[in-house]
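Asks: Sequence:
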Amino acid sequence: MPTSMPSASPSRTMSRPDMNVLPLSAVLLALALMPATVFARTSDRNKPMDIDAGKSDYSMDDSRPTVLSGGVIITQGTLEIRADQAVITSANGDPVRVVLTGSPVTLKQELDDGKQMDAVAKKVDYDLKTEIVVFTGSVNIRQPSGSIAGERVVYNMRTGQVQGGGQGTNDRVKIRIIPKNQGGG
6 MPTSMPSASP SRTMSRPDMN VLPLSAVLLA LALMPATVFA RTSDRNKPMD
56 IDAGKSDYSM DDSRPTVLSG GVIITQGTLE IRADQAVITS ANGDPVRVVL
106 TGSPVTLKQE LDDGKQMDAV AKKVDYDLKT EIVVFTGSVN IRQPSGSIAG
156 ERVVYNMRTG QVQGGGQGTN DRVKIRIIPK NQGGG
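Quick note, our numbering runs 5 ahead of the 1-based positions in the sequence shown.
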């Protein structure tokens with residue numbers, strides 16, 4: 006076992022000046038989010054991921070989740086995610102769940118056709134095992150082909166199925182589909 010490992014507490018908190026020594030949580034988040042780029046520009050998945058946060062708190066094992074906070078900014082190619090906090094839960098050394106929270110969480114990405122996709126939600130919960138992403142709280146996802154808005158939108162990455170709805174009985178989901186030939190009649 007290397008002698009350079011810290012022998013103190015298995016948990017460590019870092020502030021902004023220590024961000025250059027953030028490899029563990031950065032790698033965990035990169036592994037967790039790389040397949041999670043729901044609306045991904047295909048080439049973005051092969052680009053480096055950069056993470057900037059005010060603070061990082063992680064465990065050297067799976068006993069506690071890794072928490073990034075203080076204005077989290079994640080960029081990978083054309084993808085940009087902004088959140089107040091990112092929580093990464095691992096099992097057997099692999100990330101299994103990523104939860105982004107904010108007021109709001111924002112995602113922006115250029116699609117393969119060069120057009121822009123924007124998403125806003127108070128919370129984004131990605132389960133890596135089931136490949137299901139749940140957007141909750143004032144959700145609005147817009148792209149050139151249309152938009153979906155509601156209190157809850159669930160995207161199944163395996164099947165491509167999108168489900169939208171509200172939290173209460175009076176909440177509604179709103180969908181707009183824009184024709185490919187907008188000028189046609």
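Please note that the accuracy of each hint is not assured.
Think about it this way: if two alpha-carbon atoms lie no more than 20 Å apart in a straight line, the pair counts; the simulated SDA-like pairs of lysine to any residue are [claimed, not checked]:
id, residue 1, residue 2
1, Lys113, Ile137
2, Lys134, Lys113
3, Lys179, Val167
4, Lys52, Gln121
5, Lys113, Thr94
6, Lys127, Ile78
7, Lys134, Lys179
So the derived label-pair ranges between C-beta atoms look like this [unchecked claim]:
id, residue 1, residue 2, range
8, Gly171, Ser150, 15 to 25 Å
9, Lys120, Arg50, 36 to 46 Å
10, Ser68, Asn186, 49 to 59 Å
11, Arg177, Arg50, 43 to 53 Å
12, Thr135, Asn186, 16 to 26 Å
13, Thr164, Met65, 29 to 39 Å
14, Ser108, Asn51, 39 to 49 Å
15, Gly119, Asp66, 10 to 20 Å
16, Val178, Pro53, 28 to 38 Å
These are calculated hints, taken from the structure and not from any lab test.
No residue lacks a Cβ here, since even glycine has one placed at the ideal position from N, Cα and C.
Asks: With reference to the structure, classify each hint as holding or not holding.
Replies: Going through the hints against the structure:
1. The suggested pairing of Lys113 with Ile137 holds, with an alpha-carbon distance near 19 Å, which does not exceed 20 Å.
2. About 24 Å separates the Cα atoms of Lys134 and Lys113, which puts this hinted pair outside 20 Å; it is violated.
3. Our distance criterion of 20 Å between C-alpha atoms is met by Lys179 and Val167, whose separation comes to about 13 Å.
4. At most 20 Å may separate the alpha-carbon atoms for a hinted pair to count; Lys52 and Gln121 meet this at roughly 18 Å.
5. Between Lys113 and Thr94 the CA atoms are separated by roughly 24 Å; this puts the pair beyond 20 Å, and the hint is violated.
6. The suggested pairing of Lys127 with Ile78 holds, with an alpha-carbon distance near 15 Å, which does not exceed 20 Å.
7. Distance check on the hinted pair: Lys134 and Lys179 sit about 29 Å apart at the alpha-carbon level, beyond 20 Å; violated.
8. Judged by the Cβ atoms, the range 15 to 25 Å given for Gly171 and Ser150 holds: they are separated by roughly 23 Å.
9. Lys120 and Arg50 have their C-beta atoms about 18 Å apart, which leaves the hinted 36 to 46 Å range violated.
10. A C-beta distance of roughly 56 Å is found between Ser68 and Asn186, which places it inside the suggested range of 49 to 59 Å.
11. Checked against the hint of 43 to 53 Å, the C-beta distance between Arg177 and Arg50 comes to roughly 34 Å, which is inconsistent with it.
12. A hinted range of 16 to 26 Å for the beta carbons of Thr135 and Asn186 is inconsistent with their spacing of about 37 Å.
13. Judged by the Cβ atoms, the range 29 to 39 Å given for Thr164 and Met65 holds: they are separated by roughly 36 Å.
14. Under the hint 39 to 49 Å, the C-beta atoms of Ser108 and Asn51, about 32 Å apart, miss the expected range.
15. Checked against the hint of 10 to 20 Å, the pair Gly119 and Asp66 fails, with Cβ atoms roughly 43 Å apart.
16. Look at Val178 against Pro53: about 36 Å separates their beta carbons, and that is inside 28 to 38 Å.
Checked against the numbered hints given earlier, the structure breaks hints 2, 5, 7, 9, 11, 12, 14, 15 and satisfies all the rest.
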